[in-house]
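Residue numbers (the numbering used here), protein chains in the order written: chain L, 1 to 478; chain C, 1 to 478.
Worth flagging that the hints you see were computed from the coordinates, not collected in a lab.
A couple of the hints might just be wrong.
[What the hints assert, rightly or not] With a cut-off of at most 20 Å between alpha-carbon atoms, the simulated EDC-like pairs for lysine to aspartate or glutamate come out as follows:
| # | chain 1 | residue 1 | chain 2 | residue 2 |
| --- | --- | --- | --- | --- |
| 1 | C | 62 | L | 315 |
| 2 | L | 125 | C | 9 |
| 3 | C | 370 | C | 325 |
| 4 | L | 55 | C | 51 |
| 5 | C | 60 | L | 51 |
| 6 | L | 62 | C | 323 |
| 7 | C | 125 | L | 9 |
| 8 | L | 55 | C | 173 |
| 9 | L | 59 | C | 323 |
| 10 | C | 27 | L | 132 |
| 11 | C | 60 | L | 318 |
| 12 | L | 62 | C | 9 |
| 13 | C | 241 | C | 132 |
| 14 | C | 62 | L | 318 |
| 15 | L | 60 | C | 51 |
| 16 | C | 62 | L | 9 |
| 17 | L | 148 | C | 107 |
| 18 | L | 176 | L | 147 |
| 19 | C | 37 | L | 107 |
| 20 | L | 359 | L | 372 |
| 21 | C | 55 | L | 325 |
| 22 | L | 148 | C | 103 |
| 23 | C | 148 | L | 103 |
| 24 | C | 62 | C | 173 |
| 25 | C | 62 | L | 323 |
[To be verified] Coverage of chain C stretches by chain L, computed from C-beta distances (three or more under 8 Å per stretch; other residues unrestricted):
| # | segment |
| --- | --- |
| 26 | 67-73 |
| 27 | 88-102 |
| 28 | 119-125 |
| 29 | 141-152 |
| 30 | 419-433 |
A quick note: this is a predicted structure, and the numbers were derived from the prediction, not measured.
Don't be surprised by glycine CBs; every beta carbon is placed ideally from N, CA and C.
Number of protein chains: 2
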Amino acid sequence: MKEKEFVKEITNIEEDFAKWYTDIVLKAELADYTAVKGFITIRPYGYAIWENIQKYADKKFKEHGVRNLSMPVLIPESLLQKEKDHVEGFAPEVAWVTTGGGEELEERLCVRPTSETIFSTMYSKWLSSWRELPFLYNQWCNVLRWEKETRPFLRSREFLWQEGHTIHETAEEAKKFTLEMLEVYADIIENLLAIPVLKGKKTFTEQFAGADSTYTVETLMHDGRALQGGTSHYFGQNFTKPFDIKFQNREGKEEYAYQTSWGISTRLIGAVIMAHGDNRGLKLPPKVAPIQAVIVPVAMHKEGVKEKAEEVYKELLERYRVEIDLREQYSPGYKFNDWEMRGVPVRIELGPRDIENNKCVVVRRDNSEKIDISLDELNEKLGEILENIQKSMYEACAKRVKEKTTIAHNLEEFEENLKNNQGYVKTMWCGDAECEEKIHDLTGAKSRCIPFEQENLGDKCVCCGKPAKTMVVWGRQY
Amino acid sequence: MKEKEFVKEITNIEEDFAKWYTDIVLKAELADYTAVKGFITIRPYGYAIWENIQKYADKKFKEHGVRNLSMPVLIPESLLQKEKDHVEGFAPEVAWVTTGGGEELEERLCVRPTSETIFSTMYSKWLSSWRELPFLYNQWCNVLRWEKETRPFLRSREFLWQEGHTIHETAEEAKKFTLEMLEVYADIIENLLAIPVLKGKKTFTEQFAGADSTYTVETLMHDGRALQGGTSHYFGQNFTKPFDIKFQNREGKEEYAYQTSWGISTRLIGAVIMAHGDNRGLKLPPKVAPIQAVIVPVAMHKEGVKEKAEEVYKELLERYRVEIDLREQYSPGYKFNDWEMRGVPVRIELGPRDIENNKCVVVRRDNSEKIDISLDELNEKLGEILENIQKSMYEACAKRVKEKTTIAHNLEEFEENLKNNQGYVKTMWCGDAECEEKIHDLTGAKSRCIPFEQENLGDKCVCCGKPAKTMVVWGRQY
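Let the sequences and hints guide you as you build the complete structure.
Have a look at this one:
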C-alpha cells in the first residue's frame, strides 16, 4: 500500500546490542524518526513513560519547595557569551535563528541548549534582598543540541528535560541543595525506574561548562556501558558575578548569590530500555509502566469470555493502569508476544476453563512465571505481584552491576578487565587530567565519577603510578 | 542598588484598561519581559495557573481517549509548503533556523508555529488500516509566531499551548470529535475559569489557515472586548490528501483519512486577568487559583498567635491550596492589600481576640464580605465559601455579557451600540465576506462566530440589506 518501515523482528541482544536497541524503540512504538535529521517523535507509549517520570519527579521537586516557571526558548548571542567556559562548551552545538517575521534579525538568537544564561538575567532583575532568597525554580521544556551522531532518546538534537536553577544566600546552602537534588535523582532512578545508581562527583574534565562542581548519578546498561542518569551542578558565583545577581545581605552589604542547576531528560527512557530489556523485547518496571497489566481473553468467541474479561478489566482499572486486548484479527499467541515485546509487567490470561474455575493465569514479564489466581483475589494480589516485580528488576540490575564491577591496579589490568567483562572499573587516581586522557585513549573509558563512598584500593595512581588522591570509577559510556 | 522595574501602583481599570492589565501582570508577578523582544517569562505564580489549567484539561482529554506525544520543534520549509492555504497563513510569521552545529543548513527549518504539517507526515507513515483509527494525539508544547505587536499572554512571540491532532475513518466521526473538543474547551473556560462562553462556528474569513471549518468558544472581557478562548478545526481531507494519509477501509479500498486539530493556550491566563480583575488587582476563581486561601496572623508578636496560625495552616493544607504569611517586615494592612492584588480568593485573619473566641475572620476577595467563622468549622466552611465564590464570579461575568450584548438591524445601530456599550453585537448577515470587511472597516469589529444558538432578528443583512442567511455575533477583539 505504501512504504512502511516496520521492523520485522528483534535483533539478538547479545549479538548486536545497538541494533537490538533501535529495534525495540521502533517496534514497541516508543519513538520514531522524523523528516528532520536527528529529531525524533516520542510516540504515545514512550511519552507515557516520560509522563510517569515527570509526575514522580515534579512531586519530589515541589516537596523541596521548587516551583515551575517558563523561560523563553530563544537566547540572544550576547547573553550566551557572558560566561566564558559556558559559551565555549555550548556554542559549537547550538542552532541559530537568524530570520523572524520575514526580517533578518539584528542579533541572532540560539534555540536554548540549556538556560543558565536566561535564568541568570531574570534572577538579576528579580533579586534585591536576602529576604527573597532562595529562588528555587524549574522548567520542563525542550532543548536543542546539534549532535553529530544521534540515537533515539540517548543523543538526539532535540530532547525534553527539566532544568532546575536556584540561587541562595550562602555557598553552604547552595551546595546542600545541589546534593539534595542529586538525592532526588537517585530516588527517581532507583525507586521508579528500578535501576541502581552510583553517586559521586565528576572529575574536573567531565564537569558541566561553567560549573564549580558537578555531581552525577551513573547507571550501568545491559552491555556494560555506563549512562549518566542525571547531574546536579554547583556554580558558586561563576554566573552570578558576570550576570550581576546580587542582593543586600543581612549586614546590609551587597553580595553575589550562590547558584545551582540540575537536570534529567528523556534519556532516562533510553536507560530503562537498555537496563532491563531482553531478547523478547522491552521490560518495564511496574511503577513507570504506562500499562501495568494487560488482560488477554483466550477463546474470545466462546460465550461469556469477553464479558467476564471486561468485568475483570473494569474492576482492575480503578486501581491499576490496565489494558484489555479485544482485537479480533490476532490470535492469543500473537497478543502474548506483542505485549511481552512492549514490556508490560503482567499478562492476565482468561479462558473458558479459567472462568469455570473462577480463576485466571497471571504471567510475569520479568521471569515468565505463571501463577493461577482466584478471580476474587486478583485485585489484591496484583498489587503484591507488581511490587515484587519492581523489586526483582532492581535486584537483577544490582546483581549485574556487582558482576560487572572490577578493580584495576595498573593499565594492563584495566584493559583486561574491560575486555573480559565490560562495566565499571574501580581504580586509584592521582587527580591529574593527563592520566584521564591517557586512560581514555587506551581503553575508551572515561571517568564516571569520584564516588561518595570511597574505598582504599592502594596508594598509587592506576596510570602514572604517582601517589593517588582518590578512588575513581571508570567506564565506556553512552 | 540596581535598576528595578517595579510597578509603583495599579492604573485605574476604567481609565486605561491596557495599562491596568500590564500593571497586574507585572505587579502580581504573573509574567515579566525578557532580554528577547516579544518574549516573556511566565513566573511561578502565573505558571501555577497554567499548571492547574493543564491538569484539568489533560484529564478531560484523556477521558476522550486522547494520548500525549512529542513532535519535533523544527519543521523543514518544504513540509510547511505542502498545504497551500496553511503556508500562506503562517509563513509570514515564522522564525527560521538557518545554522546548526556551526554549519549552514541545506534547508532552513522553521520553529513550529503550529504542527499540522509534522503530525500529518508522521500519520502518513503510521497509518495503514481502518482498524488502527482513530489516532487521537495531543502535545503540550511551545510555539513561535513572530507577531509585530506583543502583549504578555495575549499576543506573544512564544506561547505555551496544547495542540490536539486527530485522524478518523469517516467525516462524520471527525466532525463529531471536533465538536466534542469544543465542548471540553467550554467546560474548562466556564467551570474552571468561571468565564461564560459563546459557542459557534467561525465565518469563512476567520477560519484557521487550511481548515474546512473552525469552531470557537468566545469570551468577553471587562472592557467589552472579545477574546477567542479556544478553537477546534475540522479539516476534512485538506491535509490528508497532500500528505498522503490513507488507509485500507472496511471494503478493502484506499481512502484518505478525515482530520481535526484543536488548541488552547496560555492566552487563557490573560482571559482570567481581564474577565475578573478590578481596581484592587487580580481576582482568581478558586478552582484555578494557585493559592485558594491565605492566612494572615494579626499582632503576630503576641503570644500564641503565630503558633495557632500555623496550626490552622497545617490543618487546611491537607484539603486546600493554602498559604501562611509570616513575613515580619510587613504590617497586616500591607499584607491584606498585597494578597488582594494577587487575587487570592479568601483571606483568613487571625488575631489574639479571635483566638480567644476560637474563631477567625474570613474575607472574600470577590465581594469583600467579612465572615466570622468558628475555628472548629473552618475546614468544612472554607470549601463552601470557595464554591460560592466560584459561582458568584461566573454569575458576575454572565451578567456583564448580558448587559454588553446588543442587537443591531442596521450599521447606524451597530456603530451606536458599540460606542455606547462596547461588547457583543448580534445581527443578521447575508453570508458575504465583503459585508464582514465593510463592518470591520467601519466599526473595528470582527465576526466572533455564527452561534450554535441561532435567533431570528429579521430577514435582512445588517450591512447590505440583502436576504440574511444567519445570525452572527460581532465584537472588537484581543
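Structure-based check of each hint:
1. 62(C) with 315(L): holds (19 Å)
2. 125(L) with 9(C): Roughly 19 Å separates the two Cα atoms, so the pair holds.
3. 370(C) with 325(C): holds (19 Å)
4. 55(L) with 51(C): Holds - the C-alpha atoms of residue 51(C) and residue 55(L) are around 12 Å apart, at most 20 Å.
5. 60(C) with 51(L): holds (16 Å)
6. 62(L) with 323(C): holds (14 Å)
7. 125(C) with 9(L): Cα-Cα ~19 Å, so holds.
8. 55(L) with 173(C): Measuring from Cα to Cα gives roughly 33 Å; hence the hint is violated.
9. 59(L) with 323(C): holds (18 Å)
10. 27(C) with 132(L): holds (16 Å)
11. 60(C) with 318(L): At roughly 17 Å apart (the allowed maximum being 20 Å), residue 318(L) and residue 60(C) satisfy the hint.
12. 62(L) with 9(C): violated (32 Å)
13. 241(C) with 132(C): holds (18 Å)
14. 62(C) with 318(L): Roughly 15 Å between the alpha carbons, so the hint for residue 62(C) and residue 318(L) holds.
15. 60(L) with 51(C): holds (16 Å)
16. 62(C) with 9(L): Status violated; Cα separation ~32 Å.
17. 148(L) with 107(C): Judged against 20 Å, a Cα distance of about 17 Å means the pair holds.
18. 176(L) with 147(L): Violated: residue 176(L) and residue 147(L) sit about 33 Å apart, past 20 Å.
19. 37(C) with 107(L): Distance ~11 Å between residue 37(C) and residue 107(L) Cα, so the pair holds.
20. 359(L) with 372(L): Within the cut-off at roughly 7 Å; holds.
21. 55(C) with 325(L): violated (28 Å)
22. 148(L) with 103(C): holds (11 Å)
23. 148(C) with 103(L): holds (11 Å)
24. 62(C) with 173(C): Judged against 20 Å, a Cα distance of about 18 Å means the pair holds.
25. 62(C) with 323(L): holds (14 Å)
26. 67-73: holds (count 7)
27. 88-102: holds (count 11)
28. 119-125: Since 4 is at least three, the answer is holds.
29. 141-152: Satisfied; 6 residues make the cut.
30. 419-433: Violated, because only 0 residues of the segment 419-433 of chain C bring their Cβ atoms closer than 8 Å to Cβ atoms of chain L.
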